[in-house]
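Engineer: Given the coordinates of chain A, assemble chain B onto it according to the supplied hints.
The listed protein sequences correspond, in order, to chains A and B. So for the first sequence, numbering that gives the first Met the number 0 puts the first residue at 0; every next one is plus one. So for the second sequence, numbering that gives the first Met the number 0 puts the first residue at 0; every next one is plus one.
Keep in mind that the hints are not guaranteed to be accurate.
[Claimed, not checked] Computed from the model, here is a short list of chain B residues facing chain A with C-beta under 7 Å: (1) Gln-12; (2) Arg-26; (3) Leu-32; (4) Glu-81; (5) Asp-82; (6) Ala-188; (7) Arg-220.
Treat the hints as calculated values from the structure; they're not laboratory data. On a predicted model such as this, the values are computed, not experimentally measured, just so you know. The beta-carbon is built from N, C-alpha and C at its ideal position, and this holds for glycine as well.
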Amino acid sequence: MKRAVPTGEMTLGPFFPREFGQGANDLTSIEGVKAKGEIIEITGRVTQGDGAPLDNAILELWQADAEGRFDDPLFLGWGRAATDASGVYRFRTIRPGAYAGRAAHVNLLILFSGLMRQLQTVMFFEDARDPVLDAVQPASARSRLVAVKEKDGTYRFDIRLRGEGETPFFDD
Amino acid sequence: MGTLIERRDPLTQPQGVEEGYALTALRWPSQPLQRRPLTASELGGPQQVLRRLAPVRGDLAGHGAKRAIGQLIHLRARVVDEDGAPVGGAAVEVWHANAAGKYIHPNDSHDAPADPNFYGAARVVADPDGLVELRTIKPGAYPVPDSKAWWRPPHIHFSVFGRVWLSRLVTQMYFPGEPLNESDAVLNAIRDPQARSRCIARLTSTASSHALVYEYQLVVRGRNGTPSLP
Numbered sequence: 000m001k002r003a004v005p006t007g008e009m010t011l012g013p014f015f016p017r018e019f020g021q022g023a024n025d026l027t028s029i030e031g032v033k034a035k036g037e038i039i040e041i042t043g044r045v046t047q048g049d050g051a052p053l054d055n056a057i058l059e060l061w062q063a064d065a066e067g068r069f070d071d072p073l074f075l076g077w078g079r080a081a082t083d084a085s086g087v088y089r090f091r092t093i094r095p096g097a098y099a100g101r102a103a104h105v106n107l108l109i110l111f112s113g114l115m116r117q118l119q120t121v122m123f124f125e126d127a128r129d130p131v132l133d134a135v136q137p138a139s140a141r142s143r144l145v146a147v148k149e150k151d152g153t154y155r156f157d158i159r160l161r162g163e164g165e166t167p168f169f170d171d
Numbered sequence: 000m001g002t003l004i005e006r007r008d009p010l011t012q013p014q015g016v017e018e019g020y021a022l023t024a025l026r027w028p029s030q031p032l033q034r035r036p037l038t039a040s041e042l043g044g045p046q047q048v049l050r051r052l053a054p055v056r057g058d059l060a061g062h063g064a065k066r067a068i069g070q071l072i073h074l075r076a077r078v079v080d081e082d083g084a085p086v087g088g089a090a091v092e093v094w095h096a097n098a099a100g101k102y103i104h105p106n107d108s109h110d111a112p113a114d115p116n117f118y119g120a121a122r123v124v125a126d127p128d129g130l131v132e133l134r135t136i137k138p139g140a141y142p143v144p145d146s147k148a149w150w151r152p153p154h155i156h157f158s159v160f161g162r163v164w165l166s167r168l169v170t171q172m173y174f175p176g177e178p179l180n181e182s183d184a185v186l187n188a189i190r191d192p193q194a195r196s197r198c199i200a201r202l203t204s205t206a207s208s209h210a211l212v213y214e215y216q217l218v219v220r221g222r223n224g225t226p227s228l229p
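Here chain B stands alone, though its shape is the one from the complex:
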């Protein structure tokens, strides 16, 4: 039986200051991160954040005359721990740009049209198999402000609450076959090619006449099921 939380693997996790992503050199600490003993405080965690955060619809695409513009997709994402065990009941937050690459956010100054039928944010709960399902549209690429023509590839943001404080996962999911994936400074901060490829969703063969279906897996830190506090 391993320890509940193992140290991050530098090959499969970003280092902090990343080549091609100038803001990291302004915001990531200059001093080495501190090591600390882990106690009940770090190895416990809020078990019921949904008492504080109300679920928000998992349908971002709308219907009929209120359909968002863009390629309709179904996304089936599974939340598991390092044992591959499903994390049922996990709260998952999702947000992404519209098909033109514009976020619904006052700080987004990108000159692209808003889509009145696209909401852009969801908060859903994983079922007992760890599965969350989303109906949305494929987001567009967009240029990073103040960068030299760095365009982010289409991506979907995920924020996941695992079972303990140190299981918290915030990441981004990418789409297969996108040329911008090759040069993206965020995706390529994951140096291990296999780990990087796992950040790209899989297009399934189950596409219906309505939508393309993508599958994805979100692995949160931690093992051995629900931990007992030390």
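Okay, chain A solo, but in the shape it has when bound:
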């Protein structure tokens, strides 16, 4: 018997405290213990409908550990980053493993003024068979969820909230 309706989501606004947005974007260790796996960097620029970058947008990341596990006590799997004045965010993490039917991926949610609800998207490391990636329509938009591996080994994942090249977002 359902008794309570989820509270209406509302925008994070532009003034999320700076100190809350900082210091949580390195997932490679927790309480001084280093996670197992390949250390990687994920970075990108967040832009709005007219192409302008967003300052102080908040991104949160949730991923499996290197073996595809979500219950690793030595790897929290969660982090938060804020974009800088040029719209750029940065995470340092380990490359997640694939697991039970899912290709390697990281979940991302975006919070900011002008976004009345959290926006959910997913970054993949390569164009792989995956039930979430395969669900994206039209199929031509799927490549926008696959990160670009740069020469220096970082994974670039730009997020366009609206407009040309718009990132696919999920409702669930």
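Structural biologist: Only chain B this time, still in chain A's reference frame:
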């Protein structure tokens, strides 16, 4: 037994592009949101974000000569799931403007005075009954930059971590009897009147000689207690 996470109800949740809130038309996606199957990835979630995010004091009002200016309030907020079951241990982040409507943030250009005794941000943990308590001052209203005299009503921002990734809740709490509530584009994005009224705190009759006491409920998505991963 229902599904763990049900689809959002469009009447009780904002749609995305909202009348009177111009930025939403610049930032909310133009394409329909995608549907996806839910797997262990979305139905799991960080169980211990507080290992990464250190708690910060739940007293924003200060004491004695260091008291923040404004109406002192006690806020008792309860975090529950869709079954009404308390979400004990939930991490809750809170931030709001000072009594003059000014945030402690370098991007806030509003011409209102800062209050050196007002800190403006807290991170607290819900007790086993899902309760978080805050001692703070009532925030002031302020004008939205680049808007045509849209003043936000006094409100307190909440960021709540539920039990799974899809339970994440970011919202704003309002105060009863505020005329600005009637026309606020953010509050009125919740179209269902009952759901909207639940976004307004309740002034209790337990006011002490020190402070007004408000009660509030934060309902995060999800049912059936702690989920087991599929």
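Engineer: Confirm or reject each hint.
Structural biologist: Structure-based check of all given hints:
1. Look at Gln-12/B: its Cβ gets to within about 6 Å of chain A, closer than 7 Å, so that hint holds up.
2. Here the hint on Arg-26/B is kept, as its CB sits about 4 Å from the closest CB of chain A, short of 7 Å.
3. About 3 Å separates the beta-carbon of Leu-32/B from the nearest beta-carbon of chain A, less than 7 Å, and the hint is met.
4. With a cut of 7 Å, the hint placing Glu-81/B at the interface with chain A holds, because the nearest CB-to-CB distance is about 5 Å.
5. With 7 Å as the threshold, the beta carbon of Asp-82/B comes within range of chain A, its nearest partner Cβ sitting at about 6 Å, so the hint holds.
6. For Ala-188/B, the suggested interface contact is upheld, since its CB lies about 5 Å from the closest CB of chain A, less than 7 Å.
7. Among the interface hints, the one on Arg-220/B holds; its C-beta lies about 5 Å from the nearest C-beta in chain A, closer than the 7 Å criterion.
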